[in-house]
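**Q** Protein chains in written order, with my numbering: chain V, 1 to 235; chain F, 1 to 235.
Worth flagging that the hints you see were computed from the coordinates, not collected in a lab. Certain hints may be false.
[Unchecked claim] Some chain F residues judged to face chain V by a derived CB distance under 7 Å, without partners named:
hint : residue
1    : T65
2    : D68
3    : P90
4    : G91
5    : R93
6    : G94
7    : L95
8    : R97
9    : F104
10   : P105
11   : L171
12   : G172
13   : V176
14   : G182
15   : T229
Keep in mind that this is a model prediction, so the values were computed, not measured. No residue lacks a Cβ here, since even glycine has one placed at the ideal position from N, Cα and C.
Number of protein chains: 2
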Amino acid sequence: MKSILLHDLAALDGRRPSPFCWRAKYALAHKGLAFEASPVSMTDIRKLYGGAHETVPIIEDGERTVCDSWAIADYLDEAYPDRPRIFASPGERGLCRFIEASMFPSVVVHLFYAYVKDIHDVLPEKDRVYFRESREKRLGCALEEAAAGREARIENARAGLESLRVMLGQLGQPFVAGESPGYGDYVVASFLLWIASVATAPLLRADDPLLAWFERVRDLHGGIGRTATVNAIAG
Amino acid sequence: MKSILLHDLAALDGRRPSPFCWRAKYALAHKGLAFEASPVSMTDIRKLYGGAHETVPIIEDGERTVCDSWAIADYLDEAYPDRPRIFASPGERGLCRFIEASMFPSVVVHLFYAYVKDIHDVLPEKDRVYFRESREKRLGCALEEAAAGREARIENARAGLESLRVMLGQLGQPFVAGESPGYGDYVVASFLLWIASVATAPLLRADDPLLAWFERVRDLHGGIGRTATVNAIAG
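This is chain V alone, in the form it adopts within the complex:
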């Protein structure tokens, strides 16, 4: 079987900052599918497939090309029904989508503000103008202003991750998906891998109990969460 090609957002020095590409890598690994991750810089995505897609992840599997992390997960379950399912039921998929939705206001928005300048700084030179223009438009301010006073944003993000500490502590549940890891874990961990790949200020305290879970998820599938350069996530 020809290996699946994954276009994976690349930054300097072997960094892979896209959380959505991390999810796709975990989804492929969960299915036990061999894949080749091909690095692509932000402004080169439009050069692929005649400009058909604006974002990564994009996978190419024989004749099929699929863009978007959710569409990729769905495609892999449909195309490879005999391999371990990413979503064992429609309910699992819906609950994972809800969990992603819950992370946007409580965690992701704070991470975006706090680390947007760090993301910029690890991009290759040719991506920086595009990144700055598009993100400053979205933020309504300069990247430097968004990141100013980021300690409060980092505190908010830490608080927004409290659900994991309750899960590990009071609940005694090792993974978001229960006793075994699943797409819910990949969704949450991919946001942390995004930050780990760029952070110049640690997101978590060194004694944060959720780090045990994060390291477990990084170790999965042959250590797929360790296949890129990262800065420290905690300190």
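The hints should help you fit chain F onto chain V, whose structure is shown.
**A** Only chain F this time, still in chain V's reference frame:
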């Protein structure tokens, strides 16, 4: 088939304030199982089954007695495998537990402070001393102090429910469990039914988009979420 007996926490004037009992009622209804809800006051729980259980819900199904909302859901799936599953996969159960865990720090703790005096006030006289003593010990202050300045707590709880607004808005997903309702919806809606049953100050603004979802969940299974006295949830 003899109908299942559910011991359901009762308060004054037909109120049913326990979120955990609401979950059990939704779980029974989801399975399409007939049940009889028997009201029990807080201080009478120990009079059931020789004091074997300290909390409700408790169900009695023939010879079997099961206490605790999660244990009840698991029991119903095990005992009635041919009826619609509450958890179609172990992953669904784990994700629902994670969602509950995520609600405790972001929503439930704020609701508890903001509405603890309202809960007290709808309890029958004989439960009030026990409730006040046990909850003041947990809170470390008088019920009245916990509820003082509750506007900020209510604002926090509203913010903690933002995940539902993102789900309904950006995601366009009608239920926590996806296209169809599931236990994830029952977990979240049961916390709102708890508050609706006691609130003397509205939890939500009248134009909150999540009300559409809440009303849909109340309508499920023959309108099971409308079978008890409630105050307004929004205003």
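**Q** Let me make sure I understand: some of the numbered hints might not hold for this structure. Which ones are they, in numerical order?
**A** Violated: hints 1, 2, 12 and 15.
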